[in-house]
Amino acid sequence: MSGTSSSATSASPSASAPATGRTASTAKSVPRLRKRREHSAGRPKRSVLLTVLTGLILVYTVVPLLWLVISATKTQEGLADSSGLWFADDFALWSNIHDTFTYHDGIFVRWLLNTLLYVGLGAGGATFLAILGGYALAKFDFPGKRGVFAVVIGAVAVPGTALAVPTFLMFSKMGLTDTPWAVIIPSLVSPFGLYLMWVFATEAIPVELLEAARIDGAGEARTFFKVALPLLAPGIVTVLLFTTVATWNNYFLPLIMLKDPDWYPLTLGLDAWNNQAQTIGGDVIFNLVITGSLLTIVPLIAAFLLLQKYWQSGLAAGSVKE
1 MSGTSSSATS ASPSASAPAT GRTASTAKSV PRLRKRREHS AGRPKRSVLL
51 TVLTGLILVY TVVPLLWLVI SATKTQEGLA DSSGLWFADD FALWSNIHDT
101 FTYHDGIFVR WLLNTLLYVG LGAGGATFLA ILGGYALAKF DFPGKRGVFA
151 VVIGAVAVPG TALAVPTFLM FSKMGLTDTP WAVIIPSLVS PFGLYLMWVF
201 ATEAIPVELL EAARIDGAGE ARTFFKVALP LLAPGIVTVL LFTTVATWNN
251 YFLPLIMLKD PDWYPLTLGL DAWNNQAQTI GGDVIFNLVI TGSLLTIVPL
301 IAAFLLLQKY WQSGLAAGSV KE
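Each residue of the sequence shown is one higher than the last, beginning at 1 in this note's numbering.
Quick caveat, the hints were computed from the structure, so don't treat them as lab data.
Every value quoted in this text rests on a predicted model; they were computed, and no experiment measured them.
Be a bit skeptical, because a hint or two may be false.
In silico DSS-like links for lysine-lysine, alpha-carbon gap of 30 Å or less [claimed, not checked]:
| id | residue 1 | residue 2 |
| --- | --- | --- |
| 1 | Lys139 | Lys309 |
| 2 | Lys173 | Lys259 |
| 3 | Lys45 | Lys309 |
| 4 | Lys309 | Lys226 |
Required output: the full structure, derived from the provided sequences and hints.
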């Protein structure tokens, strides 16, 4: 028995050696899998194609603005004698700004005030109506809601220039052409702003929050102004910027509605200055046109920079307690 056990014991290492060798060879033959590199939020995955496309878009955006800033520092003679993307010998930015505001009895200031009037009443009114309509469509059920949705979507697809001529004929019969109302009233309608506020209000305002306010005895007006309106701040700012830019840059509608230069907005007034070079005996003031264009975009840039923080704020942070 002892001999048998000793032989079995002595045979066991020799029997296990081939198995160990096969295991080692099998382990060597299995290829090692590379560990995937995880990209955290702090270090996102880089894309060469996306970087190149972003650079091209940046160049496409910055180069015209750079040309405008550099050209605004030149005199009328400097615009023709120097390169478009480099400064001339004489720096005339401040004199150009002064001449822009004082040329033709300060008509540029009148055009600026007209534009502010159109933006304040037109874009402001369009934003307010979009807020009311979007909130009502998002949080109330009523007959014909699907029809209203179809009309809004259809209105978004129709360009504003297609409605300019019918609007002019209608306003002409009403005697409103060549008045500020011919520009303000059409600007009050913003189908895209209404649709944007509709979608935004649907997601940003919890139904439970409105029901809690109604249970506490708040009326619909108080619920809207005290509860819903603060939650709509990012959407309101977005719609306001869209309508402001659209009204500020509006050209075709004032072109067919207005004849009196005293009611021109900035876009139409600068175009009139630019067309003076094509008339016999007209003043060639391209330096003032360029300087006026630079002054025209400054308020829009300032508005975007000042209102940027509202886009990054939470939509309904802390409004619902779980």
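With a cut-off of 30 Å on the C-alpha distance, tell me whether Lys173 and Lys259 pass.
Cα-Cα ~16 Å, so holds.
Given the proposed pairing of Lys309 with Lys226, does the C-alpha separation stay at or below 30 Å?
Measuring from Cα to Cα gives roughly 21 Å; hence the hint holds.
Lys139 and Lys309: Cα distance at most 30 Å?
Holds, because 27 Å separates the two Cα atoms, which is no more than 30 Å.
Does the alpha-carbon distance linking Lys45 and Lys309 stay inside the 30 Å limit?
This hinted pair holds, its Cα atoms lying about 26 Å apart.
Going through the hint list in order, the structure satisfies each hint without exception.
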